[in-house]
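Below, each chain spelled out in residue letters.
2 protein chains.
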Amino acid sequence: MASCKCSSSNMRLSSARRVPARVARGAAVSRRSNFSQALNTVVVGLAADSGCGKSTFMRRMTQVFGGDPAPPAGGNPDSNTLLSDMTTVICLDDYHLNDREGRKVSGKTALHVEEQEFDLMYEQVKALKDGKSVDKRIYNHVTGVMDAPEKIESPEILVIEGLHPFVDKRVRDLCDFSIYLDISDEIKFAWKIQRDMAERGHSLESIKASIEARKPDFDAYVDPQKEFADVIIQVLPTQLIPGDTDGKVLRVRMIQKEGKEMFDPSYLFDEGSTISWIPCGRKLTCSYPGLKMFYGPDTWYGQDVSVLELDGQFDKLEELIYLESHLSNTSSKFYGELTQQMLKNSDFPGSNNGTGLFQTLVGLKIREFYELLVGKEVKVAA
Amino acid sequence: MASCKCSSSNMRLSSARRVPARVARGAAVSRRSNFSQALNTVVVGLAADSGCGKSTFMRRMTQVFGGDPAPPAGGNPDSNTLLSDMTTVICLDDYHLNDREGRKVSGKTALHVEEQEFDLMYEQVKALKDGKSVDKRIYNHVTGVMDAPEKIESPEILVIEGLHPFVDKRVRDLCDFSIYLDISDEIKFAWKIQRDMAERGHSLESIKASIEARKPDFDAYVDPQKEFADVIIQVLPTQLIPGDTDGKVLRVRMIQKEGKEMFDPSYLFDEGSTISWIPCGRKLTCSYPGLKMFYGPDTWYGQDVSVLELDGQFDKLEELIYLESHLSNTSSKFYGELTQQMLKNSDFPGSNNGTGLFQTLVGLKIREFYELLVGKEVKVAA
Numbered sequence: 001m002a003s004c005k006c007s008s009s010n011m012r013l014s015s016a017r018r019v020p021a022r023v024a025r026g027a028a029v030s031r032r033s034n035f036s037q038a039l040n041t042v043v044v045g046l047a048a049d050s051g052c053g054k055s056t057f058m059r060r061m062t063q064v065f066g067g068d069p070a071p072p073a074g075g076n077p078d079s080n081t082l083l084s085d086m087t088t089v090i091c092l093d094d095y096h097l098n099d100r101e102g103r104k105v106s107g108k109t110a111l112h113v114e115e116q117e118f119d120l121m122y123e124q125v126k127a128l129k130d131g132k133s134v135d136k137r138i139y140n141h142v143t144g145v146m147d148a149p150e151k152i153e154s155p156e157i158l159v160i161e162g163l164h165p166f167v168d169k170r171v172r173d174l175c176d177f178s179i180y181l182d183i184s185d186e187i188k189f190a191w192k193i194q195r196d197m198a199e200r201g202h203s204l205e206s207i208k209a210s211i212e213a214r215k216p217d218f219d220a221y222v223d224p225q226k227e228f229a230d231v232i233i234q235v236l237p238t239q240l241i242p243g244d245t246d247g248k249v250l251r252v253r254m255i256q257k258e259g260k261e262m263f264d265p266s267y268l269f270d271e272g273s274t275i276s277w278i279p280c281g282r283k284l285t286c287s288y289p290g291l292k293m294f295y296g297p298d299t300w301y302g303q304d305v306s307v308l309e310l311d312g313q314f315d316k317l318e319e320l321i322y323l324e325s326h327l328s329n330t331s332s333k334f335y336g337e338l339t340q341q342m343l344k345n346s347d348f349p350g351s352n353n354g355t356g357l358f359q360t361l362v363g364l365k366i367r368e369f370y371e372l373l374v375g376k377e378v379k380v381a382a
Numbered sequence: 001m002a003s004c005k006c007s008s009s010n011m012r013l014s015s016a017r018r019v020p021a022r023v024a025r026g027a028a029v030s031r032r033s034n035f036s037q038a039l040n041t042v043v044v045g046l047a048a049d050s051g052c053g054k055s056t057f058m059r060r061m062t063q064v065f066g067g068d069p070a071p072p073a074g075g076n077p078d079s080n081t082l083l084s085d086m087t088t089v090i091c092l093d094d095y096h097l098n099d100r101e102g103r104k105v106s107g108k109t110a111l112h113v114e115e116q117e118f119d120l121m122y123e124q125v126k127a128l129k130d131g132k133s134v135d136k137r138i139y140n141h142v143t144g145v146m147d148a149p150e151k152i153e154s155p156e157i158l159v160i161e162g163l164h165p166f167v168d169k170r171v172r173d174l175c176d177f178s179i180y181l182d183i184s185d186e187i188k189f190a191w192k193i194q195r196d197m198a199e200r201g202h203s204l205e206s207i208k209a210s211i212e213a214r215k216p217d218f219d220a221y222v223d224p225q226k227e228f229a230d231v232i233i234q235v236l237p238t239q240l241i242p243g244d245t246d247g248k249v250l251r252v253r254m255i256q257k258e259g260k261e262m263f264d265p266s267y268l269f270d271e272g273s274t275i276s277w278i279p280c281g282r283k284l285t286c287s288y289p290g291l292k293m294f295y296g297p298d299t300w301y302g303q304d305v306s307v308l309e310l311d312g313q314f315d316k317l318e319e320l321i322y323l324e325s326h327l328s329n330t331s332s333k334f335y336g337e338l339t340q341q342m343l344k345n346s347d348f349p350g351s352n353n354g355t356g357l358f359q360t361l362v363g364l365k366i367r368e369f370y371e372l373l374v375g376k377e378v379k380v381a382a
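Chains as they are written, first to last, in our numbering: chain A, 1 to 382; chain B, 1 to 382.
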């Protein structure tokens, strides 16, 4: 049998892990079955509730493609759009049917499907995907009114983020890659308490009432979209601290669809098996409550998925490197890239837990997906 | 970082795993701190109850050193001794103080420490370790009397197996490597039912009575020795089938002492961490109830140990190879040696579960231990 002369197990795992990616990239052109030469924009959809860290997610993801995402220069300062070297992120709130006053008349929440202009959403996303620029109006979150349109050029990667990217089948079908950010009720509540009560002085009762008021429409129109996502990031209370509800220590699951072309789910140790791993021990010491990872096959709305899970938080860089060195199929271009990306954004919320880790990992996976789909190589972000 | 060009993950893991062993072997001479040049016999002690598979264990272990173990040619057909190319196994029952009739007079069981001649045991084991031959009497298990002595030459590896190898401190200190085979009461009972009731027609009541009668002395004189073992093999009921008591599917744990010189515990995936692994999944399909492995640190009578555990049984060769390919520090000399050794003895009891796997693994570990201690290389068994 062939012999492998690697002296460090970390190096061994990381190098070997990258082999499939390299092979896959070599075969990029032949795998571009669904992508016409005429189209040059890859569309990524991200569905999530408001106030759940979509913008952090977007910053992590787009940074993998290089550049610092920023609103259009010289444009409306309240624009919801984020431009970067290769990516444009538009917010689907810009396709609300009514402004805040209008919804008072209609009596419907912004979560309701009847409060969205899906025809316009479809036309403009389609135009951008087809390489055309569009004049997209702006829903001003500060004033609650529709502002004058901004011109959006067709980018290499278009991200559409908002409450309803996968509700309208036409829009959904335009998405080459789809993500759902799924925050559990307990964590949403804990986060809202923290922000609205501690920082804004709202009462516990008013926070509860506002959550309850949004819940029926959220459950009816937003939540069902998670069936259509290629990757779901679930944020749940930790299981490491019994009875913990303060939402500071999180259990985060990355649910990855199996069988999607040009997307090989990331895994821990042994692909296709079921593993739980507590890395903290003789080689890695961690502070309370430590870290626990899980990997295993599951089903999601009848489809095969692989779940990668991280419970707990890392306090030291060493712990993050240790985790990365034991993950496979991360789509990183060099050993430690995932850690490096995390370090770049260490001031973002979630940088010490699974939300930051998996959001960054999704960025790397989408970069590889883009490379395979389009047949272009993305340079490593400086 | 260095790159590893291995095409198969199995090959990669297996080759890399052997690196530490090779390095260690290179340093064998300098590590022989406790072993005088004048001594040339390594003594291995195995403690276990009667009827618990000691002789199967011995056959598995000694075969790793080559040759088929057999009683001394032309000697007493009821000899308890097993000779092989490099190993001699003697049974410590030969050091019983009284024969069966004598114990009827003393009123003590064969498990009682006062029914053993520890002075003689020590003298003869010491003589054999010092390179001298001894005339060792034979306790005839068939007739229950002491037979005329047989001559035992000093071997390269002497295994002393029986009820009390670690009770007398002098004998215990002669052991270079010590093993305890720890069968749980539930499994002992299930095995005895199977053998004595199904095969010998004994009644359930008489079996229960015989187990109960032996238990106080076993608990008092045999069980406490497990504190002194370097490796404990525990055999427990499966946890894969709730409420299972028939003793056919087993959960077997290999408890390995940390910090013992020339013995690096075998591990799963990531040394020093805690892992549970269900290999049956997308790449490996298994029949009910499947397989589950566990690895993790623990303490044993206040000492650091690492536990490797296998619950369930393998039906196909493929499953065994898959397990082996994910174990590290197995002390095998080539990829698949553990599996090959298991296949050689596939007609032995326990060949499809953790008892066979870990007994064979202990054989490989002892072979490496011997090589490091003595500075000689053992040829791979044909």
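Where hints are given, some of them may not hold.
Straight-line C-alpha distance at most 27 Å; calculated DSSO-like pairs for lysine-lysine [as the list claims (entries may be wrong)]:
hint	chain 1	residue 1	chain 2	residue 2
1	A	Lys292	B	Lys292
2	B	Lys126	A	Lys283
3	B	Lys283	A	Lys257
4	A	Lys283	B	Lys260
5	B	Lys257	A	Lys257
Quick look at which bits of chain A chain B covers, simulated, 3 or more residues with Cβ under 8 Å [as the list claims (entries may be wrong)]:
hint	segment
6	73-81
7	169-178
Treat the hints as calculated values from the structure; they're not laboratory data. All C-beta atoms, glycine included, are put in the ideal place defined by N, C-alpha and C.
Do the hints match the structure? See the list:
Taking the CA atoms of Lys292 (chain A) and Lys292 (chain B), the gap is near 18 Å; set against the 27 Å cutoff, the hint holds. Taking the CA atoms of Lys126 (chain B) and Lys283 (chain A), the gap is about 40 Å. The hint is violated against a cut of 27 Å. Of the supplied pair hints, the one linking Lys283 (chain B) and Lys257 (chain A) holds, its CA atoms being roughly 17 Å apart against a limit of 27 Å. This hinted pair checks out: Lys283 (chain A) and Lys260 (chain B) have alpha carbons roughly 18 Å apart, not beyond 27 Å.
Restraint check for Lys257 (chain B) and Lys257 (chain A): the C-alpha separation of about 42 Å exceeds 27 Å, so the hint is violated. For the segment 73-81 of chain A, the stated coverage by chain B is violated: 0 residues have a C-beta nearer than 8 Å to a C-beta of that chain, whereas at least 3 were required. Coverage of a stretch by a chain is defined here by at least three residues with a beta carbon nearer than 8 Å to that chain's beta carbons; for the segment 169-178 of chain A and chain B the count is 0, and the condition is violated.
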